[in-house]
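So you can see what is in the structure, the chains are spelled out below.
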Amino acid sequence: MKTVLKELKKTFSIDSVLQQKDRTWFITVQREHAVPLLNHLQSIQGFTHLSLLTAVDRIEDNRFELAYILFNHYEKVTLGVNVLIDRDNPVMDSVHHLWRHAATHQRELNEMFGISFPQSPRNSESFILEGWDSMPPMRRDFDTKEYAEDRFFPRPGRTTNDPASFMKDKLYPEGE
Amino acid sequence: MKKKDRSRREFLENAGLSDPEKELFCNAKPRPSKTLGKYMEGFLNWSRANSLWILGYGTGCGAIELRPLMTARYDMFRYGIAPRPTPRQSTVFIIGGYASVKTLKRIVRSYEQMQDPKFVMGLGSCTINGGMYWDSYNTINRLDHYIPVDVYITGCMPRPESIIAGFEELKNRIRKGYTQGANQYINNFDWYKRNQKQIIKDWNMPDYNW
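Here the protein sequences come in this chain order: B and F.
According to this note's numbering, the first sequence is numbered sequentially starting from 7.
According to this note's numbering, the second sequence is numbered sequentially starting from 12.
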């Protein structure tokens, strides 16, 4: 894997490399280099399997972090390619020409995070949120509780307990 | 129907449909069905209670409990309960657990297509108050705001035994004459429709699915 990374660094600008486990690596690349890099990894380095394409909302940095998790079946190595994109204008190039099922992931990302992939087929069609008219629900500034309470007619009389204090009272009623 | 009655009939707007589609669907407003005499209803209710046909539409995780109920171990056929493939043939609609907004649209459609009299069973705590998904952005909290519910079965998930107990409760209710769920829906039609349309934003079906 180290030789692969050395080779990658010759052609692509890689911002950071992180080895999480023996056979699990994560690299961060610039947005412009992402699709050529993924193409290179798929066709030359043998990372033929796109396990997952998902996003993380880095609201503090005003960024979305896209994570392409790739797997190499010959070397049994997992490689995550992280791409940071702007949160105010979340547009990313599609990779559905490399992996056809990426179109489904991208459709879901468009619905749940509002990240649009203009070249991806049927990208703006809704998946499960038919007729959704609010902020994309997986963004971290979306308040699910508030949304559900003013929309779904909550039944009165529902109580909740803070798990920590509830269990403390239950197990140690006299104190520590 | 007499002629003077026809002029007083109310029609539905079907605002969600386009003009060519409007011609394809019936726009008559549903009317409550009349009950027969006391003794005839009593006989009918006895026979209704002994042949409950459920709609085979599992809307949530609770539908997984209907499979052991159908097969040899719990064997619901000995209680006169059988699954049917279409809403036209079924009398009991089991809402199996949480219902997302997308599913609710299909639930409303299937419920309206069922023949009168029809009964609804809410399975699990999700249909009562939202259960563990009470603060979710996509699952409804109270089922009885959208369709009338006859019996609720608590649990997360309810075991097949409790579903059988729920069926026994439903049978007792039917024998006592509580069979007016469909009429309750039609009498409070505007209230139910308002609640449904508050949740379902892309209403692209007729207002009542005949």
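Read the hints as simulated data drawn from the structure, not as lab findings.
Keep in mind that a hint or two might mislead.
[Stated by the list, open to error] FRET-style restraints, in silico, Cβ to Cβ:
id : chain 1 : residue 1 : chain 2 : residue 2 : range
1  : F       : PRO96     : B       : ASP21     : 36 to 44 Å
2  : F       : SER173    : B       : ALA170    : 54 to 62 Å
3  : F       : LYS45     : B       : THR60     : 53 to 61 Å
4  : B       : GLU13     : F       : THR82     : 52 to 60 Å
5  : B       : MET141    : F       : GLN209    : 12 to 20 Å
Ideal Cβ positions, reconstructed from N, Cα and C, are used throughout, including at glycine.
Structure-inconsistent hints, enumerated in ascending order: Hint check: 1, 2 fail, others pass.
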